[in-house]
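Asker: Given next are the chains, with one letter for each unit.
There are 2 protein chains.
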Amino acid sequence: MYIPTYEDMLAAHERIQPHIRRTPVRTSAYLNELTGAELFFKCENFQEPGAFKVRGASNAVFGLDEAQAAKGVATHSSGNHASCLSYAAMLRGIPCNVVMPRTAPQAKKDTVRRYGGRITECEPSTSSREESFAKVQAETGGDFVHPYNDHRVIAGQGTCAKEFVEQTDGLDMVVAPIGGGGMISGTCLTLSTLAPETQVIAAEPEQADDAYRSFKAGYIIADDAPKTIADGLLVPLKELTWHFVSNHVSAIYTASDAEIIDAMKLIWKHLRIVMEPSSAVPLATILKNKDAFAGKRVGLIVTGGNVDLDKLPWMNS
Amino acid sequence: MYIPTYEDMLAAHERIQPHIRRTPVRTSAYLNELTGAELFFKCENFQEPGAFKVRGASNAVFGLDEAQAAKGVATHSSGNHASCLSYAAMLRGIPCNVVMPRTAPQAKKDTVRRYGGRITECEPSTSSREESFAKVQAETGGDFVHPYNDHRVIAGQGTCAKEFVEQTDGLDMVVAPIGGGGMISGTCLTLSTLAPETQVIAAEPEQADDAYRSFKAGYIIADDAPKTIADGLLVPLKELTWHFVSNHVSAIYTASDAEIIDAMKLIWKHLRIVMEPSSAVPLATILKNKDAFAGKRVGLIVTGGNVDLDKLPWMNS
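Protein chains in written order, with this note's numbering: chain A, 1 to 317; chain B, 318 to 634.
What the hints contain is simulated information worked out from the structure, not anything from laboratory work.
Positions of the beta carbon are idealized from the N, C-alpha and C atoms, including for glycine.
Looking from chain B toward chain A, a few residues come up when the C-beta cut is under 8 Å (computed): (1) N362; (2) E365; (3) W631.
Please build the complete structure, drawing on both the sequences and the hints.
Answerer: Take a look at the structure:
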């Protein structure tokens, strides 16, 4: 297992800068007042394909040598990683094969196809996915880019924290959502060298709190079919992300789905940005644990902005 | 009638800069592809109170001498002007009195009160509003800040176009929504000196197309009770805004409510920002008149971001 280094992150930033956005940092006097902290929101939802995952995906895609690039990349994902990898592959002009459950939302499939990704549908089970993916990879020779358990991906995600530090003039804490742990790991990677005094805090849905329980237990615990409105955070930690979580994360806080939806509405209303339920978990945990954040300069990573506007979580409720 | 000058606009920018945000300009590769133009969106929805109107309001408020400031300001409005004037008055620490119809949405009243504005309710008729306002003004001595027919307000709104030019390195056209014409007038004021080669184009709802008809007729025509989803654009032109519209605007385009809602969803989805129906009219008119914009560098002013998230125009439809 190769652990990516600070230098890998610097090289990643150099490599991907022409292909990603240096996303803005937004603030709200109202949300500062409400939380008693000074909040800085890093808007990764403003990446062209709408998620921070374009950083890691671009680092993998643009780091391939020409021979491998000709065969392209491959992954299995039904979320932002699939569309961001397709987007990066489109920018480089190489093939991208994605295995997706046939039950994935049509909008997700449409986005992957819009970016030129080739979808192979599988049944919504682990065995079907693995079988389909092995076949696709054998046929295409595409380089497997895992959504988070990949050192190139983690080095790429770490570039977000580098920009965040440059844009904010010092933060006491950075809070990011945790699912598989790719963004949190990249954040730990960067801050442990660049700003070791800045704490990294993970925010997780109560109804998918495997990282929280792993953190307490001291080893990886995977959830059995978690279910939460924060559908970007359903996947478990893997060895590479567990390395960073267990060594560098200061705390993991959780919030209920109702609290996540409330926080999401607050951000839509007062920052006036469109973001996913998953990206609202940091604010939800801050509102729930105000004492831990009071008076601090707190960075929040708004991880993504791909939502179905016709099915917002507060509709019909 | 005093016509504000370019120097008034420069003085306004100097005066209000500490109190407003230099809002960012956003782009979307997808929307460029869709329209065939290069679009730049100036995000005035990102002002703290959520609308460009904080510019004109701040210019009026911070330009008062101490004696008048002690008596504060007053206006009648049920929209963004009321909350932005309250916000600016709060920043200076002076009273703000607002006459609002008792039928105005509770959320609008709450916002004005959150910023310390004092609301006097009137019946939803012109006579009741005028009577109530005269009374409030007589009692408080508050300086009347009209939502748009005021040279200080127009000079303030013009600061948006100044930033836009500085941020974009040249635009062929700027498209802004037109209601009373405050933003359009400020844009004309600034661009006619700073970038006279840049056309100013107004975008208006078909169902409240009084500016379009006035523009064609050559004199002000007021609508009889217009009704459109773009509820920030219901008010008619007045002499001061008509001066700028009739002298400097290159064209007025209109769009239907259905087209406005479609454009609003496109912006929410691809720029991932929360903005009002009124602010979607420019994109709606561009999509409807693609030939007029093809290949051009087009600036769009996203005028405001205050919407009721529980009553989005595409809900229950």
